[in-house]
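Chemist: The chain contents come next:
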Amino acid sequence: MLTINNVTKHYDKTEALKHVSITIPGGACYGLVGPNGAGKSTLIKMITSIIRDYKGKIEFNEKRITDKTKQKLGYVPQDIILEEDISAFSNLQLFGRLYNLKGNSLNQRIKEVLALIGLSERGKDKVFAFSGGMKRRLNIGCALMHNPDLIIMDEPTVGIDPQSRKYIFKMIEDLKTAGKTVIYASHYMEEVEKLCDYVAFLDRGEMIENGAISELLQQYAVPSIYVKGSGIPQDKLEQYGTVSQEDGAFILYTEKALEAMEHIISYCRENRLDVERMELVHPRLEDVFFRLTGSNLRD
Amino acid sequence: MNAIMIVELKKHLQDKGLAFWMLILPILFTVLFISVFTTGDNEVVNQEIIQSIVPGYIVMFVFFIMISMVQVFIKDRNRGMTARLASTPLKSYYYLLGKWLPFTFIVIIQIVVLFLFGKVVYDVSLGQPIILLILSLFITFTVTAIGLAMALTVNTENMGIALTQIIALGGAMLSGLWMPLEMMPDFMQTIAHFLPQYWAHQSFQDAMAGTTQVPELLQTLVVLFAIGAAAFIIAIIRYPYFLKRAVK
Ligand SMILES: Nc1ncnc2c1ncn2[C@@H]1O[C@H](COP(=O)(O)OP(=O)(O)OP(=O)(O)O)[C@@H](O)[C@H]1O
Ligand SMILES: [Mg+2]
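The listed protein sequences correspond, in order, to chains D and G.
At position 80 of the first sequence the residue is numbered 80 (UniProt numbering), and the sequence of numbers has no breaks.
At position 145 of the second sequence the residue is numbered 145 (UniProt numbering), and the sequence of numbers has no breaks.
Isolated chain D, as found in the complex (with noise of 0.2 Å):
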């Protein structure tokens, strides 16, 4: 369990983290979202202790993160950040020593992680010569050679294509199955919404909601119908909920989404009007935070 206790960070003029309180389940997956300058990168670099000067508390465990903690503790930084003149093999063996492991068990473990990461055939590759998603994979693989209880991941699927995406996110559930504990940063709530148990929203430096996904959706996800014809009218939808428009069609907010569905095919019926498309959409992450915040993660 990795505790974070009203953290608060400052750089020269800019305040990045304000009063931050989060827990972190053993064995969840924990999603960190915010939009850019939301304070991610400042928090995860905090938890593993890049970044030492901060009012707050943070713990693993009940213990303060010292290098016995850190041995416990695998990073995956937002850049990429690699050894590019050496083969990828050499750059798991140096994360590998650093976390201690020796000998045979660390050739045993950079075998595995190569084909954990899909790059078992580029082993010895020089990684200057990677693309960008093999070089996002061993990113990840360096963090995860000696095999941590915790993984901090910040953003690691940026700029990559679906199959590497794909590649990564497989990791992710089998790191979930093996019980390890995932911080997971992303702009992108799909992803979060798929992988994750929890999330907590940032935005400004602030904590403005967190908690299980599932949870958050009932809370504050108002269910919507997505409504597709010529000639309804607007205000006959606003009778049930609030209604925006989006290419043509509306979406209809309204708690009683079924009632309201019945409602309009009947209307429709009678007045004879074509309804092309009706569906109720499910609600999703992106409209709890839509709704925290007034504000899209992504405009």
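Simulated from the structure, these hints should not be mistaken for lab results.
Think of the CB as a built atom: it goes at the ideal place given N, C-alpha and C, for glycine as much as any other residue.
Taking CB as the label site, the calculated pair distances span:
1) D/K170 x G/Q14: 30 to 36 Å
2) D/G179 x G/K91: 25 to 31 Å
3) D/G179 x G/K244: 32 to 38 Å
4) D/K166 x G/P240: 39 to 45 Å
Following the hints, complete the assembly by docking chain G with the ligands onto the known chain D.
Modeler: Below, chain G with the ligands without anything else, positioned relative to chain D:
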């Protein structure tokens, strides 16, 4: 620490620029200057000149390691490797040692190769090889310590390169590595006594000729060590600031 050291050595071995600065360029300079300055017919004088030029260029060119040191540290800092390593159990002074030690190996190898080159090609005498080796170890310490202090202090690579040029070339000129000190004005001879290059050059020449006086040797070693230690202390003081800037 070993982990860092091994990677650094691997990278240095591939670094052609390093080989150029550290070995090829000094050899070219040595050959060029010896051919320019030994046009006279007097064999004895010529050999004397060679005995001065060979160690002179060694002392001058060991300083160029500082460029590589600055590059390695600034690069590590800017691309976030220093920060990434701070998330591992690696102690920060082992990071420093792991980066620094390979440079000391390189400089030692450089000095040995350049002396052997002088021996094989110009038949310089290496009268007291053990003393030469001890001197080499001390000058290596001095140079790499200054390099470390500089690498942890400067903000940009260009600044490091500029400073290295000033220290290496300025120091070489003022210490009589290019022309005998006796030919320079008095105040410059006084300045020379504050420069590690001067002491190293004098003692190298004595040891090559086999005329080392123990008090003089000790004096040189103390000067080299003191300058190196001072630089090392600066490096240690600068290190926290370097780490702070490394956290992007
Ligand atoms: N080294 C630094 N010096 C000064 N300010 C910084 C530094 N690093 C981050 N900041 C500032 O702190 C705030 C939070 O930045 P942080 O990198 O933590 O955000 P983020 O949520 O990771 O953003 P992104 O999604 O763009 O990665 C920003 O306003 C940023 O400008
Ligand atoms: Mg970030």
